[in-house]
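**Q** Given next are the chains, with one letter for each unit.
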Amino acid sequence: MAQVENAAELDAYLLQVVQALHRTVKFALPRLKDDKEAGKALADCDEILGLVLEGRVSEWLA
Amino acid sequence: MFSDKVEAKDFEKMDPEYQSLVRKVLTIQSDCEIGGPHLYVESMMPTAPTRLDKLIVARTAAEEIDHFRKFARIAGDIGLDVSFVLSLPNQKRYVETFRGEIKTWEDFAVFGCLIDRIGRYQLEEFIGCSYRPIEPLLADIVQEELGHIDYGETQTRELAARGGESKKRVQKALDYWYIRALDMFGHSVSHNSARYVHWGLKRRTNAQARADYIKEVNPLIESMGLRVPDPLQGRHYL
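Line by line, the protein sequences give chains L and W.
Residue 18 in the numbering used here sits at position 2 of the first sequence; the count goes up by one each step and never skips.
Residue 236 in the numbering used here sits at position 235 of the second sequence; the count goes up by one each step and never skips.
No lab work stands behind these hints, which were simulated from the structure alone.
Be a bit skeptical, because a hint or two may be false.
Just some of the chain L residues that point at chain W, by a computed CB distance under 10 Å [said to hold, decoys possible]: (1) 20; (2) 33; (3) 35; (4) 58; (5) 65.
As the structure is a prediction and not an experimental result, all values here were calculated from the model.
Idealized CB from N, CA, C, for every residue including glycine.
Same shape as in the complex, but just chain W (with noise of 0.2 Å):
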């Protein structure tokens, strides 16, 4: 396994591998942090239940924009123009969880819960990378990836607190949500994954950062009185 720690002054010194899974990995990584923003900034701005909800949907979105462009920022100096992203449509994102709408408050809430989360597992995948221009993004973006969670975290456990119509309306944003989280960390045998680890560039291949995901999330939805989704059905990436 390769351990050394590449400079951006080097990258092109690098193996052509090397060189195509950072680029690959830093495009897809700006993708999600503006994804999420444009999932539900429209949608939630004139909705979200309170004025403190509204502008913590507008502080979640500034954050994500912020990822964005430190990302963006790492990624030009090797040459990788990611503004692209900025104004792709929904439909047409990297990864397929960022390519429809979030409509509901309990589709916000479950969406940080569940999927910011795996942001937070994507970066931690980064600590401690061969490439060492992104080691210190990650304890700032880390840091407000966890506001994320734990504001979706709590607003989930007190929509499911509220019993009744609350509860079956957050079960159901949960049943959709849980399906694509557990897919957005692709498929189990995968080429990429093997070589992401090789090259030191993660730390877990995808199915290993699955089963810890599901060791977490599973007993959190359980404590909030909610299902756990059935895992296989409606998976796309097994």
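So here's chain L without its partners, still in its complex pose (with noise of 0.2 Å):
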């Protein structure tokens, strides 16, 4: 049977997306109180998920 193409790519992709938001909460939790650490880290978690609720399949494979 044929696999989708690029399903194993989009699974490697969402992959590294979902380790990376785990890291950064990880990261973030123990720093609540520090306004630049926690910040940073929110402001990164809202940028990866602002991608990935894009969509944009495409551009993440190319």
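Could you fit the two chains together into a complex? Lean on the hints.
**A** Shown next, in the form of structure tokens:
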């Protein structure tokens, strides 16, 4: 049976995204009172999530 | 009732109805997984009450994206491309519940408590299901959904316990999401629902699953000092 083209690449891309989000959240959790560190982590999460939710798959895999 | 276990390599040998139902359920499941973050990330990341809450919103979204990834992978193995749901506008989501936007923290809390709980119900339907590639995904995904439900339930309970305007706002959110939750199970009399059970893809009919859900959530709502909404008012799928 033919697999979907780019399925493995999309899986790998999304796995990287998920891992990056988890790393960022984990880094920020013990630094909630640190305006700079926590603020930067939240901005990073926001940026990563924004990219995923735009859903431009062809750009991700280009 | 069909009781065999089907591997991906044998999928094309199966009855066309079975193939169609598996494709449909994988597409809808993928859409529901990514539909949640599309409802709340944009509005809740900047407005969640505390930094901790914002991080939990981000972690919840990350887990839902991962659930999408896992279902998309097994869909890809049978030639089904579900990546289009990543960019679907909310208004075009398969399930009506995901066609809006969450704008308040009360909505986010109740969504976790009621709608993620339905996510758990839907996933539990697949336990022991005849399409074998689904089963290995379930334990981790259900565990993460339990975390979302627990957080939503705790937040809902705390918001209700504050009384006054806070309780009014959470009741309003509950009135909205409770009806959508019940509708998510679909029509009680449904040809597809019976065929999913026949093919061993689900364990319960829509009506059975909805009745179990009501039995679980109504006492929970009452224990928070909130009113259980009229289960028929505003319903689309009875």
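**Q** Could you run down the list of hints and mark each one as holding or not?
**A** For each hint, the structure was consulted:
no., hint, verdict
1, 20, "holds, 4 Å"
2, 33, "holds, 7 Å"
3, 35, "holds, 9 Å"
4, 58, "holds, 6 Å"
5, 65, "holds, 5 Å"
Checked against the numbered hints given earlier, the structure satisfies every one of them.
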